[in-house]
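**Student:** Protein chains in written order, with this note's numbering: chain S, 15 to 203; chain A, 3 to 430.
Warning: the hint list may mix true and false statements.
Below, simulated DSBU-like cross-link-like pairs (lysine-lysine); rule was C-alpha separation at most 30 Å, straight line [said to hold, decoys possible]:
1) Lys-77/S with Lys-112/S
2) Lys-77/S with Lys-392/A
3) Lys-94/S with Lys-124/S
4) Lys-244/A with Lys-221/A
5) Lys-125/A with Lys-248/A
6) Lys-323/A with Lys-307/A
7) Lys-94/S with Lys-218/A
8) Lys-392/A with Lys-94/S
9) Lys-77/S with Lys-185/S
10) Lys-69/S with Lys-221/A
11) Lys-218/A with Lys-248/A
12) Lys-69/S with Lys-185/S
Because the hints were derived from the structure by calculation, they are not lab data.
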Amino acid sequence: MPHRHAIFALAALACGIASAAPPTPAMLTNSCAGCHGIGGASAGPSMPNLAGHSKQAIVEAMKGFKSGARPSTLMGRLAKGYTDAEFEAMGEYFSSQKLHMPKQSLDPAKVTRGAAIEGTSCAGCHPDSGRRSFGEVPALAGQWLPYLQMQMQMFAAGTRKMPEPMAQQVKALSAADIESLMHFYASVK
Amino acid sequence: MTFDRRSFLKVLSAASGATLAGCGAMSMGGSLAMGKSSGRRVVVVGGGYGGTIAAKYIRMLDPSIEVVLVERNRQFVSCPFSNLYLGGLLPDLSSLTIGYDKLAANHGVKVVHDTVTAIDTAKKTVTGASGTLSYDRLVLSPGVDFRFEEIAGYDPAATPEVMPHSWHAGPQTLLLRRQLEAMRDGGTVVIAVPPMPFRCPPGPYERATMIAMYLKQRKPRSKVIMLDANPDIVSKGGLFRKGWAKHYAGLIDYRGAKRVTAVNARNMTVSVEGLEDVKGDVINVIPPQRAGAVAQVAGVVGPDKRWCPVDARTFESTLAKDVHVIGDASMAGAMPKSGYSANVQAKVCATNVVALMNGRETVDLSGVNVCYSMISPTEAVSVAAVYTIKDGAIASVPNSGGVSPDLSEAEAVYAKSWINNILVEMST
């Protein structure tokens with residue numbers, strides 16, 4: 015995999031390390047598993063799944079944490095310890111993992127209501143019931159409900175900035191709509 | 003799946019007989035009398051935060067390597083989060099207790115419950131009551147034992163029953179909680195903190211916080227006196243002080259540079275360097291620490307007679323070939339003695355043990371430590387760091403890591419997910 019080697023060469027240069035065997039993607043991401051589960055498949059209930067997100071979604075999230083553009087509790091502090099090349103390696107690793115859609119305890123009425131509105135409100139950017147992740151768009155399917163709720167609270171408070179198309183859609187939704195949508199996405203298998 | 007540990011454990015105990023039958027008699031309740039392996043064998047001693055992960059990851063990385071995990075207890079109780087039980091945030095220790103059945107069933111780890119009494123690093127054998135086992139490589143993850151001898155009047159058998167250390171979770175944790183419950187309102191809880199380095203640097207201060215929380219709710223005329231051998235709080239100091247001022251004003255009397263050098267279990271006093279005696283109704287003496295006894299047995303303890311020097315990349319002992327030491331017992335440069343450190347070191351060690359056994363190049367360490375401490379029922383703080391190899395030693399990456407900017411409700415939510423994820427990783 016020449017691409018991967020290029021990443022390592024970059025990483026080694028950036029860190030000033032002259033080593034024959036710099037950390038592999040597995041070595042880098044093994045460190046994440048203690049909180050995010052093996053291969054990014056979180057046992058929950060609030061740590062998000064990383065498995066199955068697009069490479070770019072992971073990379074952009076990490077860059078945002080590192081710069082502070084995306085608020086976090088401790089991810090910003092951790093992200094500062096890695097180079098962009100290492101983010102790429104992590105992104106490649108997690109994007110190659112199968113989407114993790116665990117069984118959660120959810121409100122069936124909210125799931126039904128969310129299912130009825132996701133098509134018009136969200137599916138334009140989050141297709142296939144949120145299973146598909148591409149570009150900077152993360153997967154929503156099976157994501158842990160408390161994590162989704164914490165993110166939407168940050169969006170609502172303005173501490174995390176919504177992409178413009180999302181802001182437009184969310185403006186038209188009630189709090190009950192949003193709550194239902196989160197139950198729906200958490201329910202997707 | 004929604005993870006309810008109680009039902010999970012119930013299912014485990016019910017299913018263990020059936021599921022393991024197909025894995026051969028040695029999978030569980032096996033003995034060390036397996037003799038020579040037909041293939042390649044790694045023996046892992048110690049089934050805590052480090053050992054479970056090392057055993058599992060070696061099997062995941064190369065299923066052709068036989069892995070035998072030797073652990074004296076049938077279940078493991080996590081030290082991280084055990085302070086929450088002392089404070090009343092957990093009803094019991096069940097959510098912190100894991101078994102070894104799934105490591106056997108899912109990964110083919112051969113689990114032997116035995117106490118290791120001898121290790122011959124020349125002949126490459128491990129001996130316990132059930133027999134002697136040969137290894138190609140040995141991974142030791144023995145955690146910590148105590149330097150009881152540095153405290154005058156301390157009887158290693160009798161004193162912990164009166165003045166529990168509760169620094170190995172389980173019966174000791176239950177005892178300390180019972181003592182707190184039995185204490186009169188207006189009583190004094192004394193916590194003696196050992197000199198660094200010790201297991202879980204923020205642990206004693208989180209303990210004081212959780213006990214103060216319990217006292218505030220149930221026995222508000224009581225107090226905690228902390229006698230710290232270190233000059234000041236060794237981890238998250240500013241945040242603990244902030245939490246104490248916000249929630250527990252007047253309940254915690256912190257005294258730095260007060261090393262407890264003697265105890266009197268009959269009078270319920272501890273002595274600070276022979277200069278002053280402090281009386282307590284409940285006394286939690288956390289003794290000074292060293293590598294777990296198995297490290298001594300293997301002869302991999304360094305000249306300081308306390309900790310095990312290791313190669314920063316492979317965690318191979320610098321004192322014995324083909325023996326690796328991970329977790330609290332190891333001297334791992336900038337990495338603290340924490341559960342998360344042991345978890346990460348186990349993966350680094352497993353990766354490189356498998357590389358070495360297959361004649362492949364070893365890989366540089368990349369590591370992380372994450373450690374949460376609860377401040378109140380709804381607030382937590384954390385410390386985080388990223389580690390790399392610099393000049394042959396484990397160093398933290400400059401300008402990264404650090405502690406929470408403030409007490410955080412979100413961190414309390416994430417902390418609960420942290421303990422769940424890391425215990426699931428160890429037990430499935």
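**Student:** Please go over all the hints and tell whether each is borne out by the structure.
**Tutor:** Now for the hints, and whether the structure bears them out:
A distance of roughly 23 Å separates the Cα atoms of Lys-77/S and Lys-112/S; the hinted pair therefore holds under the 30 Å criterion. Simply put, Lys-77/S and Lys-392/A have alpha-carbon atoms about 24 Å apart, close enough for the 30 Å limit, and the pair holds. Note on Lys-94/S and Lys-124/S: the hinted pairing is violated, with a Cα-Cα distance of about 38 Å set against a maximum of 30 Å. Of the pairs offered as hints, the one joining Lys-244/A and Lys-221/A holds, with about 22 Å between alpha carbons and a cut-off of 30 Å not exceeded.
Taking the CA atoms of Lys-125/A and Lys-248/A, the gap is about 59 Å. The hint is violated against a cut of 30 Å. Restraint check for Lys-323/A and Lys-307/A: the C-alpha separation of about 19 Å stays at or below 30 Å, so the hint holds. The straight-line distance between the Cα atoms of Lys-94/S and Lys-218/A is roughly 39 Å, outside the 30 Å bound, and the hint therefore fails. Distance check on the hinted pair: Lys-392/A and Lys-94/S sit about 17 Å apart at the alpha-carbon level, within 30 Å; holds.
Between the alpha carbons of Lys-77/S and Lys-185/S the distance comes to roughly 27 Å, so the proposed pair stays at or under 30 Å and holds. For the hint pairing Lys-69/S with Lys-221/A, the CA-to-CA distance comes to about 53 Å; that exceeds 30 Å, so the pair is violated. Annotation: proposed proximity of Lys-218/A to Lys-248/A holds, straight-line Cα distance about 12 Å (limit 30 Å). Restraint check for Lys-69/S and Lys-185/S: the C-alpha separation of about 29 Å stays at or below 30 Å, so the hint holds.
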